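Q: What follows is the residue order along each chain.
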Amino acid sequence: MIHSLPAVLASLVPLRASNAFWLPEEGTAAAGQVDWLFNLILGISVFFFALIAVLTIYFLLRYRRRQGIEAGQPPTHHTWLEITWTVIPTIIVIVIFYFGFTGYMDMKIAPENALEIQVTGQKWQWLFSYPNGHVDPDLHVPVDQPVKLIMTSEDVIHGFFIPDFRQKMDVVPGRYSTVWFNVTRPGKHIIFCTQYCGRGHSDMSAWVVVHPPGEYEKWLTEAGDELSKLPPAAAGEKLYLTRGCKQCHTIDGGASTGPSFLGMFGRSEAMKDGSKLTVDENYIREAIIDPQAKVVAGYQPVMPTYKGKLKDNEITVIIEYLKTLKR
Amino acid sequence: MNTVSSPVPPAAAEPGHAPSYLQDGHGIKSWIMTLDHKRIGVLYLISILAAMFLGGLFAMLIRTELLTPAKTVMEAETYNRVFTLHGAIMIFLFIIPGIPAALGNFVLPLMLGARDVAFPRLNRLSWHLYVIGALFAVYSLIHGGADTGWTFYTPYSTTTTSAVVPITFGAFILGFSSILTGLNFIVTIHRFRPPGMGWFRMPLFLWALYATAIIQVLATPVLGITLLLLIVERVLGVGIFDPTLGGDPVLFQHFFWFYSHPAVYIMILPAMGVISELVSTFSRKHIFGYKAIAYSSVAIAFLSFLVWGHHMFVSGQSPMANMIFSALTFSVAIPSAVKVFNWVATMYKGSIKMDAPMTYTVAFILLFGIGGLTGLFLGALATDVHLHDTYFVVAHFHYTMMGGVLMAFMGGLHYWWPKIFGRMYNEKLANIASLMIVVGFNITFLSQFIMGSLGMPRRYYNYRPEFASYHQWSTAGAFLQAIGFILVAVYLIHSLRRGRLAPANPWGSATLEWRCASPPPTENFATQPTAGDPYDLKPLVFDPKLGGFTYRAESAEGVA
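Line order of the protein sequences matches chains A and B. With the numbering used here, the residue at position 45 of the first sequence is 744, and numbering never jumps. With the numbering used here, the residue at position 95 of the second sequence is 93, and numbering never jumps.
Simulated from the structure, these hints should not be mistaken for lab results. Fair warning: this is a prediction, and the values are worked out from it, not measured in the lab. Be aware that a few hints might be false.
Unchecked claim - Residues from chain B shown here face chain A by an in silico Cβ test under 8 Å; the list is partial:
#1 His141
#2 Thr158
#3 Ala161
#4 Pro164
#5 Leu374
To be verified - What the simulated footprint calls covered on chain A by chain B, stretch by stretch (three residues with Cβ under 8 Å from a Cβ of chain B suffice, anywhere in the stretch; the number is not a length):
#6 748 to 757
#7 784 to 795
#8 886 to 899
#9 929 to 939
#10 949 to 959
Note that the Cβ used here is the ideal one computed from N, Cα and C, for glycine as well.
Sequences and hints are given; from them, build the entire structure.
A: Right under this line is the structure:
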């Protein structure tokens, strides 16, 4: 089939050696397809650039202006030459278009049996929700299993990019987008945010952790139980670190997008509307579920709601953790 | 002053005897309220060079910050404002008006042998609007600047607390300036062509300006309404793009690129026109494939409206739309490639002189070649998904916009400098500076191609240490370019007072602007010239007494 042509040719053309220079590691078979096309276009580009550059430089040297020698008068147009250099590039770009399109469709259509993981982008963290309800700051996947990500954003547009898989998709608020991949060997791969989203845009990264056969399920069970095994404050700290709190709230008193958690519990805070209140369990709970209800003076109302994203017992352990952050 | 704009200038003294347009009237008011296309051209030139300086300053701040992977000199919030302003200023205040409004305003009526553009008052209004638009950008800058990126993507731009409204309103006003210039050029080219200048006897720079003007008039209103909708959403809270208000954020991207893709051809088409003039003149050869170049300008203008979706291959647009936009995008590659082949063929058997305009022309052909070829990677869907929003894209558009448009602008500036100011610049310094700029440019942006394909995303304040060496090369190249541009400023300013007086036709071109004095009198031509083949350079010979070219005695009559 013509669809397998890139793969067949890829095994014949030893262009891969250059990938260390131009392209990152190939984490999936699909990445190899993309690289094959990349190298094909690279070869075509180098050829045409060399052609133009060699002719230009040769003409500059050969026909440089000399005393007493006038320019020649070759024809000012040449129909067949002009048709030739229109038709040949046209054929070449049709070929590039074809392989670009077919390669893209292969990377777009996920197999039926794909494992689905929910992805949420928010300023400035990725959150991955697994089928058992566990939420993790990194993407854990089994090896040799198609994985489909169903992604949405809490706030602005983010871009989900795994360079090693050559996969990228914008994550848009108010709608779902998807990517899928099938990783061929265990390892770790970086995830970047590629759609500009503000102050922490360049720090919005995460890891794909690819588990060897059988270990993904083990990891998932352990990760799902982890919180229940920890003391409440330690579980709260874990949630603070992994669920998007630390991106805007420091624990050392430092300034950030939101108020620091250091010494916050029990403190009297001035609100934006001029009122004053003491930070207690009920205020923290309200600030997590309905962050815009009472905003601390001097801060913007930018926090997304965690309603439905944190369970009651999770909110409770976060409150326990905040109580430990005393000045 | 020039209230009448007749294509037939009144019979006056011979060119050279009348006072030049620079001497005709003194004081600030004689400049800012002028109706003379040449003075308006000079005003535009000063304005866009100031914008280029400011945009360049922001570019240097970006490159300085990126010298190290973490904080180097500024905070993330500052960096985000700096790259936004670099992009917005360079695009809206420098590249879009650069060649058409500055060089085009000066040259277009002269190339037509006309006295002025069709609507001189509209022309002045367009510069005044440019200044007002620029003031809004400066106002935004003083109020902390916007941090959205020059693309103003929603819902980030509708929710950020930075000064988005003044800068978008500034861009909205600049749009009108651009529309008025385009309208003026279309009418001028239709109405003011001299005897002997049929459509296919027009200099290719005019073809390029004509194609550009059509895009300006048709596409810019879309940007205007889009930015206005953005302001309406921000100020009045009407839900158009923000999903929490019931809007669609991707709709903004469609609107924005429906203008901004044609806009890159507003930038590159005039540059291609300049290159067509320069490559012929400095090779002393008739341009090769005149009709193909002229038609390809129009083809590019037409196709430019049909490819905007290629900016949105990973936005969530349907695969069907992606396929169609990918196919249409490749169709633009053909007329661009045809032009490059024609320019190279023009040099064949020429008599090539590497004066600064030609150095920039060669730089354009090679750098734009790289810019165009790397577009193939981005037009193909499978490879674009990987390269989208990385430094590969940053490098690609800098190769087309800076390696392309800016090189052509520099070439055109040096080429028409003697005509505009009546003085020759220092050729040796010009060649040294151009070499520094071209070498620095390649160091800056070749390293960005590599880090982009390795996965370095754009608009990053912090980056992973494995990208550090590429960023450091890039920064070093930027500083080399900066030194080159400072050198250009020094010798050009120096030439204004101390440069050798320019002859009427220093390079040996056959287009009409070289038939009036340097600098031209206010009336341009004493009697309306008759146009011949704009690329028939045979009758022009170098006269050492004049230091420029003149028509052979026996053929002086036969030029027409």
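Q: Indicate, hint by hint, whether the structure satisfies it.
A: Tested hints:
For His141 (chain B), the interface hint is violated, since its Cβ never comes within 8 Å of a Cβ in chain A; the closest pair sits about 16 Å apart. Because the beta carbon of Thr158 (chain B) sits about 7 Å from the nearest beta carbon in chain A, less than 8 Å, this interface hint is met. Because the beta carbon of Ala161 (chain B) sits about 15 Å from the nearest beta carbon in chain A, more than 8 Å, this interface hint is broken. At about 19 Å, the closest approach between the beta carbon of Pro164 (chain B) and any beta carbon in chain A exceeds 8 Å, and the interface hint on this residue is violated.
With 8 Å as the threshold, the beta carbon of Leu374 (chain B) comes within range of chain A, its nearest partner Cβ sitting at about 5 Å, so the hint holds. Counting residues of the segment 748 to 757 of chain A whose CB falls under 8 Å from any CB of chain B gives 5; the rule of at least 3 is met. Here's how the segment 784 to 795 of chain A fares: 7 of its residues keep a CB closer than 8 Å to some CB of chain B, so the rule of at least three is met and the hint holds. Only when three residues or more bring their CB closer than 8 Å to a CB of chain B does the claim for the segment 886 to 899 of chain A stand; here the count is 10, and the claim holds.
With a threshold of 8 Å between beta carbons, the proposed coverage of the segment 929 to 939 of chain A by chain B is violated, since 0 of its residues qualify and at least three are required. Counting residues of the segment 949 to 959 of chain A whose beta carbon lies closer than 8 Å to any beta carbon of chain B gives 0, which falls short of the minimum of three for the stated coverage.
Of the numbered hints given earlier, the model fails hints 1, 3, 4, 9 and 10; all others are met.
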